[in-house]
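K.L.:
If you read the protein sequences in the order shown, they are chains A and B. Counting from 1, one number per residue, gives the positions in the first sequence under our numbering. Counting from 1, one number per residue, gives the positions in the second sequence under our numbering.
Honestly, the hints are just simulated from the structure, not real lab data. Where is the CB? At the ideal position from N, CA and C, for every residue including glycine. Careful, some of the hints might be misleading.
Said to hold, decoys possible - Capping the alpha-carbon separation at 20 Å, the derived lysine to aspartate or glutamate pairs in DMTMM-like fashion look like this:
(1) LYS118(B) to GLU27(B)
(2) LYS196(A) to GLU27(B)
(3) LYS233(A) to ASP259(B)
(4) LYS233(A) to ASP123(A)
(5) LYS80(B) to ASP259(B)
(6) LYS233(A) to GLU180(A)
Stated by the list, open to error - In silico negatives: residues of chain B with every beta carbon more than 12 Å from chain A:
(7) ILE38
(8) LYS80
(9) ARG92
(10) LYS118
(11) PRO160
(12) LYS182
(13) ALA219
To be verified - Rough simulated footprint, nothing fancy, chain B against chain A, three-plus residues with beta-carbon under 8 Å:
(14) 78-91
(15) 192-199
(16) 248-260
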Amino acid sequence: MTRRSPTPYLFLAPALILIAVFVLYPILSVIYYSFTDYSISTPPVWIGGANYQKLIGDPTFWLALTHSVVYLLVTPILIVLSIGLAIIVNRRMRGIHIFRALYYIPAVSGSIAIGISWRWLFDTNGLINSALISLGVLHEPIQWLSEPAAVLPIAMLLTIWAGVGYYSVIFLAGLQNIPEDLYDAARIDGCSDLQKHRYVSVPGLRPQIVFVAVISSLAALKVFDEIYVLTNKTGGILDSGTTVVFFLWEQAFRLTHAGYASAIAIVLLLITLIFSVVNVRLLDRRAEAD
Amino acid sequence: MEIARAVELTADTRVASRGARPRRRLETTFWYIVLISISVVTVLPFAWMLLTSLKGPQDPIFSVPPQFIPAHPTLANYDKVLHTLPIVSFFRNSIVVAVSVTLLSVLVTALAAYPLSKMRFKGRDAIFYLLLGTLIVPVQLTYIPSYVLAVNVFHYYDTPLALILPNLASAFNIFLMRQAFKAVPNDLIEAARIDGAREIRIWWSVLLPIVRPSLATVAIFTFVTSWNDFLWPSLMLHTRDGMTLPVGLATLQGLFSSDFRSIAAGVTMTIVPILIFFIAFQRQFVRGLAGAVKG
């Protein structure tokens with residue numbers, strides 16, 4: 001194959017053209033829009049850094065940013081629960097495949113369908129209230145999704161519930177790659193079952209932990225569907241469920257403040273970049289350790 | 001391997017005293033209780049949806065204690081939803097979009113992955129890092145310009161094309177395919193080149209058949225992602241008959257407001273097909289997820 005041949009470029013052309021049109025061009029446009037007053041229907045007008053100034057002074061933006069950062073808490077919880085579940089389903093038991101499949105169901109059902117079912121679980125007339133009342137925990141129903149303090153935790157719970165089965169499959173594959181000898185050695189050294197997992201499983205799962213940390217935290221930063229359905233498109237009372245992406249959507253497509261929303265998008269990009277740099281550092285450290 | 005373990009197990013039980021057997025049985029029972037409890041947590045919302053969707057008007061949806069099994073089971077709720085919402089069209093649209101995205105995306109990304117994994121050419125590293133960079137970009141960032149493109153340039157607003165074209169060149173899929181191609185021995189490709197095969201022919205008849213499992217993984221994940229995609233389709237689809245399932249489903253709440261039996265019927269109808277799909281391809285799902293980490 002000669003170096004001058006056009007062949008490699010022909011193979012790459014469709015993908016590169018699509019990426020140029022649907023990723024690179026939009027990034028450049030968003031940067032430009034973020035310095036303009038723009039409502040999609042009328043042409044953008046240059047206003048310099050006014051959108052960013054407005055953003056810094058906008059309490060809703062800071063609230064949304066706080067919510068997105070709080071949302072990152074799902075990552076450590078997901079990692080711990082998924083590893084626990086992987087260890088449980090790694091036992092050789094009859095019918096274990098059926099259980100593994102059952103745990104995976106929430107991951108494939110789609111966030112909108114799941115969100116609707118959860119909305120009704122937590123409805124004033126929902127299953128959660130009637131169960132809690134019949135158990136004597138509550139005396140009268142709580143309006144869960146109208147309770148500002150409850151909206152974000154319920155959305156996070158939903159993300160965790162839907163994610164554990166998915167991520168545990170990754171950890172399960174990792175567990176099955178850990179040599180049996182290590183567990184035998186741990187047993188001979190007098191490790192209890194719990195210690196065995198602490199000193200053999202967890203270190204052995206390092207690559208999977210890094211992978212899940214990256215994937216689930218990036219997903220948490222971009223959460224939208226759950227909030228949209230649980231709060232019925234409102235973002236919750238007093239913006240109690242508004243995240244950065246929800247705020248972006250609301251500004252851009254509901255209020256048609258596309259210029260302002262573009263500034264939000266740039267902030268989102270910066271956060272993601274910082275996050276990715278941290279993640280790459282973590283990955284590098286792992287490579288050194290290996 | 002399996003046999004060795006079985007022998008080991010029988011040897012274990014033979015050596016162990018009689019007291020060990022009830023203990024083991026107790027342990028097994030304990031783990032089954034744990035497994036079943038977890039299943040209750042994962043399946044309960046779905047089971048509750050299904051049962052509620054079958055409830056007749058006399059059956060309470062809210063009662064203390066909660067009533068699970070409908071006393072007057074009926075399919076009337078399904079009938080009502082099917083008459084109010086074009087669920088069949090939603091299905092057809094979702095299938096058209098997900099199948100097109102899957103086939104075209106596999107094609108485009110497998111094409112791009114070949115030179116990136118098996119050819120030397122100017123700019124290869126630059127292109128590779130460019131693709132790597134696009135992985136970080138949150139897709140929501142692109143929605144405002146993509147919306148403008150859809151309305152003003154491509155004029156595909158409110159058509160399936162709007163959901164297909166922007167989702168074809170997934171950098172993630174290119175990486176998975178590149179990884180798969182890298183594992184193919186160079187000798188095979190060299191031999192084909194000596195035989196005078198053209199590159200496109202080598203790609204089609206030598207490489208693609210070898211990496212079929214990876215193609216399947218990429219295809220299934222692309223399909224499920226496209227099937228469940230919501231935010232971008234909700235921006236692009238306006239006419240009700242043109243909506244995909246998640247977008248149509250989201251209108252369900254507004255239409256039936258507090259008629260939970262009908263909402264439950266609508267949700268159940270949309271979840272069942274994807275569950276069947278998942279059960280059919282379960283092995284590929286698991287293998288794909290497990291392999292993604294190594295890549």
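K.L.:
Taking the hints in turn, state whether each one holds.
P.N.:
Status of each hint after checking the structure:
1. Of the pairs offered as hints, the one joining LYS118(B) and GLU27(B) is violated, with about 53 Å between alpha carbons and a cut-off of 20 Å exceeded.
2. Proposed proximity of LYS196(A) and GLU27(B) is supported: the alpha carbons are some 18 Å apart, at most 20 Å.
3. Taken as a hint, the LYS233(A) and ASP259(B) pair is honoured in the structure, with Cα atoms around 19 Å apart against an allowance of 20 Å.
4. Of the pairs offered as hints, the one joining LYS233(A) and ASP123(A) holds, with about 16 Å between alpha carbons and a cut-off of 20 Å not exceeded.
5. In summary, the hint linking LYS80(B) to ASP259(B) is supported, as the alpha carbons are separated by about 11 Å, within the 20 Å threshold.
6. Restraint check for LYS233(A) and GLU180(A): not satisfied, since their Cα atoms lie roughly 50 Å apart, outside the 20 Å limit.
7. Once the 12 Å rule is applied to beta carbons, ILE38(B) is inconsistent with being away from chain A; the minimum gap is 7 Å.
8. Distance check for LYS80(B) against chain A: the nearest CB is about 16 Å away, which clears 12 Å, and the non-interface claim stands.
9. ARG92(B), annotated as away from the interface, keeps every beta carbon of chain A farther than 12 Å; the closest lies near 17 Å.
10. Remark: the non-interface label on LYS118(B) conflicts with the geometry, its nearest Cβ contact in chain A lying 9 Å away (cut-off 12 Å).
11. For PRO160(B), the requirement that its beta carbon stay farther than 12 Å from each beta carbon of chain A is met, with the minimum near 16 Å.
12. Listed as outside the interface, LYS182(B) is consistent with that label: its C-beta sits roughly 15 Å from the nearest C-beta of chain A, beyond the 12 Å cut-off.
13. With 12 Å as the threshold on Cβ separation, the claim that ALA219(B) sits away from chain A holds: the shortest Cβ distance comes to roughly 15 Å.
14. Check on the segment 78-91 of chain A: 4 of its residues sit with their Cβ under 8 Å from a Cβ of chain B, so the three-residue criterion for coverage holds.
15. Only residues whose beta carbon comes within less than 8 Å of a beta carbon in chain B count, and the segment 192-199 of chain A has 0; fewer than three means the coverage is violated.
16. Look at the segment 248-260 of chain A against chain B: 5 of its residues bring a Cβ nearer than 8 Å to a Cβ of that chain, three or more, so the hint holds.
The structure fails to meet hints 1, 6, 7, 10, 15 from the earlier list, while all remaining hints are met.
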